[in-house]
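Chains A and Y, in that order, are what the protein sequence lines are. Sequential numbering of the first sequence, starting at 1, is according to this note's numbering. Sequential numbering of the second sequence, starting at 1001, is according to this note's numbering.
Hints listed in this document are in silico derivations from the structure and should not be mistaken for laboratory results. Certain hints may be false.
As the list claims (entries may be wrong) - Simulated crosslink set (SDA-like; lysine to any residue; CA at most 25 angstroms straight-line): (1) Lys1116(Y) x Ser97(A); (2) Lys1114(Y) x Trp51(A); (3) Lys93(A) x Glu1074(Y); (4) Lys174(A) x Met1034(Y); (5) Lys93(A) x Tyr1039(Y); (6) Lys1116(Y) x Lys137(A); (7) Lys175(A) x Tyr1040(Y); (8) Lys93(A) x Glu1132(Y); (9) Lys93(A) x Ile1141(Y); (10) Lys1116(Y) x Arg55(A); (11) Lys93(A) x Ala1163(Y); (12) Lys93(A) x Ile1129(Y); (13) Lys105(A) x Leu1147(Y); (14) Lys93(A) x Met1178(Y); (15) Lys137(A) x Asp185(A); (16) Lys105(A) x Lys137(A); (17) Lys1114(Y) x Asp58(A); (18) Lys93(A) x Leu1043(Y); (19) Lys1114(Y) x Leu177(A); (20) Lys93(A) x Leu1101(Y); (21) Lys1114(Y) x Gly35(A); (22) Lys105(A) x Glu1146(Y); (23) Lys105(A) x Leu1032(Y); (24) Lys43(A) x Leu1037(Y); (25) Lys43(A) x Glu1134(Y); (26) Lys175(A) x Tyr1039(Y); (27) Lys105(A) x Phe1121(Y); (28) Lys169(A) x Leu1037(Y); (29) Lys105(A) x Asp1139(Y); (30) Lys175(A) x Asp1038(Y); (31) Lys34(A) x Arg1137(Y); (32) Lys175(A) x Trp1049(Y); (33) Lys43(A) x Glu1132(Y); (34) Lys93(A) x His1051(Y); (35) Lys174(A) x Asp1041(Y); (36) Lys93(A) x Val1029(Y); (37) Lys1114(Y) x Asn80(A); (38) Lys105(A) x Thr1035(Y).
Bear in mind that the values here come from a model prediction, so they are computed numbers and not experimental data.
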Amino acid sequence: MKTIVQKTLLSLSLATALFASGSIFADDYVIDKKGAHASIQFKISHLGYSWLWGRFNDFEGTFSYDEKNAAGSKIAVTVNTKSVDSNHAERDKHIRSDDFLDVSKFPEAKFESTSYVEGSDGKAKLKGNLTLHGVTKEVVLDIAKVGAGKDPWGGYRRGFEGQTRIALKDFGIKKNLGPASAELDLFIALEGIKQ
Amino acid sequence: MLKNTNESFGLVSKSLHWSMAIILTGLFVVGLYMTGLDYYDSLYHTLPWWHKSFGLLTVLLLLIRFAWKLSNAEPEALKTHKKWEISLANITQKLFYFLILLIGISGYFISTAKGKGIEFFTLFEVPAITAELEEERADLIGGAHELMAILLAVFVVLHVLGALKHHFLDKDETLKRMTINKH
Chain A
1 MKTIVQKTLL SLSLATALFA SGSIFADDYV IDKKGAHASI QFKISHLGYS
51 WLWGRFNDFE GTFSYDEKNA AGSKIAVTVN TKSVDSNHAE RDKHIRSDDF
101 LDVSKFPEAK FESTSYVEGS DGKAKLKGNL TLHGVTKEVV LDIAKVGAGK
151 DPWGGYRRGF EGQTRIALKD FGIKKNLGPA SAELDLFIAL EGIKQ
Chain Y
1001 MLKNTNESFG LVSKSLHWSM AIILTGLFVV GLYMTGLDYY DSLYHTLPWW
1051 HKSFGLLTVL LLLIRFAWKL SNAEPEALKT HKKWEISLAN ITQKLFYFLI
1101 LLIGISGYFI STAKGKGIEF FTLFEVPAIT AELEEERADL IGGAHELMAI
1151 LLAVFVVLHV LGALKHHFLD KDETLKRMTI NKH
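Just chain Y, with the same shape it has in the complex (with noise of 0.2 angstroms):
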């Protein structure tokens, strides 16, 4: 039920993909957002606090879905996926994986530029690393923060164009097995 088998998701696995999945959407929309809001808008302050903490949240996550990964069996691909589909997702996995890291580490960057930590919700500060990085260096993450987050977004559309693709053109398990089927 919790773990994953060789046939199927456990639901440790599933709720660790839809709650990111909702999340990152989220970190999306309110990063794209937040970054063109006037100073006097009563939220310039409030949505890069929430946007900072749920990004952390997400390389927590993020660490627990590889640990999860590797003590877990990594259920196998349906019988009726073609050799492509297969190498194609489990590129995409790997470059999810990737990109969401380096998102995050560069998040982390922009607001640790200057020596100073991030506050986890209303928890505990996560301390800098660095005492303080060069401007050039500090504008470039945030470029690349950015970019590497866009580049993300389309790579989900495709991801969820192929899920919708399984279930409806396929009509296979796909989608039902990250879902409600079988646990």
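Isolated chain A (complex conformation) (with noise of 0.2 angstroms):
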């Protein structure tokens, strides 16, 4: 009698744990910061004629994925919105300001993964949700797994890259640079060290 409630509740407990993980085989990985195998960058066109390139300096975020079952896979990632760098203080300081990102206001962006479609030929649709400038909207990346396996110190890494487009209106961030910069290019490269 007492074994079955137990039972029933062990399999009750592990069958939450695997519908929240989406899978109970998924390994966490956390991104590898501290030696900055990971980068997120945008650019953004120069009045129609060229790319400018920026990117976020400090950032740290968490995934978990299931080779078998890839749909339960998920992300979040946080960036310290002051950290970016065009490699220009001025443009730099004008991007903090409340022109731009208002770091002051909103030191953090965030983005929180809520689907992951993934092809057979190593591509994938991630879908989250994307905080920045205090606006939270939906966008989709195209995701490319780049690859995953032992790495020579004895741990266990894992690669993607993804990007996306984003309208600046779209996050409430009006200033007008013109209507070939109206929209810019994020681009995440990361690599992951299982925990």
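With the hints in hand, could you dock these two chains into one complex?
Next comes the structure, spelled out in structure tokens:
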């Protein structure tokens, strides 16, 4: 009698765990921030004539991934907005100001995935909520699996890259940089270390 | 003629005074104006460039002014000046030097926050002394630069009012000593 109750409870909690994490076999990874094997970059058109590249130097995140059940994969990344770096002191100051990121008011940007659909070609679509400049919007990233395997130091690593295009206006950034610069491309390249 | 005496300002002191007066006024007006320019304005890049070069020039003139002040006689205050006027003038002068120096230094750090130097006209580049400033510090310095400039402008207005008071109300030599009169 007692064992049946215990078994039921155990299977219930297992089912809950399964439901919550997507899969009990999913591995958890932490983005290798310390080794800087990850980057978040963007490019935005300059006058329509060239690309201006910038990046965020400070961010962290975790993801879970299960090769047998890729659809259960999840990722969450938090970006320290003041770490924006376009290799130009006054421009960075301007990007940090309330014309753009308003970092004193919105010190964090966030991405949390809601779904992950993997194709057979190593490409995938990652849907999630991006919070930027205090505005949360759903975005879809085009993902490419880059690789995974043992590293030479006793760990296990897995890498992805992804990109999406967002409009500044959608996130409440009203500064007008001209018609060619209303949108920007966001790139993420990351390597996670299995926990 | 060139040097100060106990009674009068020499040509060098006068030139330093008036050239800095003109440049600082220009820097203040341009500084306020250029920070509000649209990205597509034709002066968006030009005005900050001139602002920086003239800003550096101002610091240079200030250093020359210090050196000149130390190596020269200090004209005595006019006999008709009251004690409080003299001490107010002394405080104001020190405040001017202090503010101009701090505004210059903060301006320098705004532009060199990423470790890159500032072009001095087209002549040479003044190098950065810091590798990279923390973002909060850079933003704080930017705010301080503007605030101190506004404070300086307020004191300049008082300074001008004082000079006009001496000239038109007291009808003394104060303003003339810094302009045409007596070499």
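Against the structure, the hints:
no., hint, verdict
1, Lys1116(Y) x Ser97(A), "holds (21 angstroms)"
2, Lys1114(Y) x Trp51(A), "holds (21 angstroms)"
3, Lys93(A) x Glu1074(Y), "violated (43 angstroms)"
4, Lys174(A) x Met1034(Y), "holds (20 angstroms)"
5, Lys93(A) x Tyr1039(Y), "holds (15 angstroms)"
6, Lys1116(Y) x Lys137(A), "violated (37 angstroms)"
7, Lys175(A) x Tyr1040(Y), "holds (12 angstroms)"
8, Lys93(A) x Glu1132(Y), "holds (13 angstroms)"
9, Lys93(A) x Ile1141(Y), "holds (11 angstroms)"
10, Lys1116(Y) x Arg55(A), "holds (18 angstroms)"
11, Lys93(A) x Ala1163(Y), "violated (39 angstroms)"
12, Lys93(A) x Ile1129(Y), "holds (19 angstroms)"
13, Lys105(A) x Leu1147(Y), "holds (21 angstroms)"
14, Lys93(A) x Met1178(Y), "violated (41 angstroms)"
15, Lys137(A) x Asp185(A), "holds (15 angstroms)"
16, Lys105(A) x Lys137(A), "holds (18 angstroms)"
17, Lys1114(Y) x Asp58(A), "holds (16 angstroms)"
18, Lys93(A) x Leu1043(Y), "holds (19 angstroms)"
19, Lys1114(Y) x Leu177(A), "holds (23 angstroms)"
20, Lys93(A) x Leu1101(Y), "holds (22 angstroms)"
21, Lys1114(Y) x Gly35(A), "holds (23 angstroms)"
22, Lys105(A) x Glu1146(Y), "holds (21 angstroms)"
23, Lys105(A) x Leu1032(Y), "holds (24 angstroms)"
24, Lys43(A) x Leu1037(Y), "holds (23 angstroms)"
25, Lys43(A) x Glu1134(Y), "holds (23 angstroms)"
26, Lys175(A) x Tyr1039(Y), "holds (10 angstroms)"
27, Lys105(A) x Phe1121(Y), "violated (37 angstroms)"
28, Lys169(A) x Leu1037(Y), "holds (20 angstroms)"
29, Lys105(A) x Asp1139(Y), "holds (14 angstroms)"
30, Lys175(A) x Asp1038(Y), "holds (10 angstroms)"
31, Lys34(A) x Arg1137(Y), "holds (24 angstroms)"
32, Lys175(A) x Trp1049(Y), "holds (23 angstroms)"
33, Lys43(A) x Glu1132(Y), "holds (23 angstroms)"
34, Lys93(A) x His1051(Y), "holds (17 angstroms)"
35, Lys174(A) x Asp1041(Y), "holds (18 angstroms)"
36, Lys93(A) x Val1029(Y), "holds (21 angstroms)"
37, Lys1114(Y) x Asn80(A), "holds (18 angstroms)"
38, Lys105(A) x Thr1035(Y), "holds (21 angstroms)"
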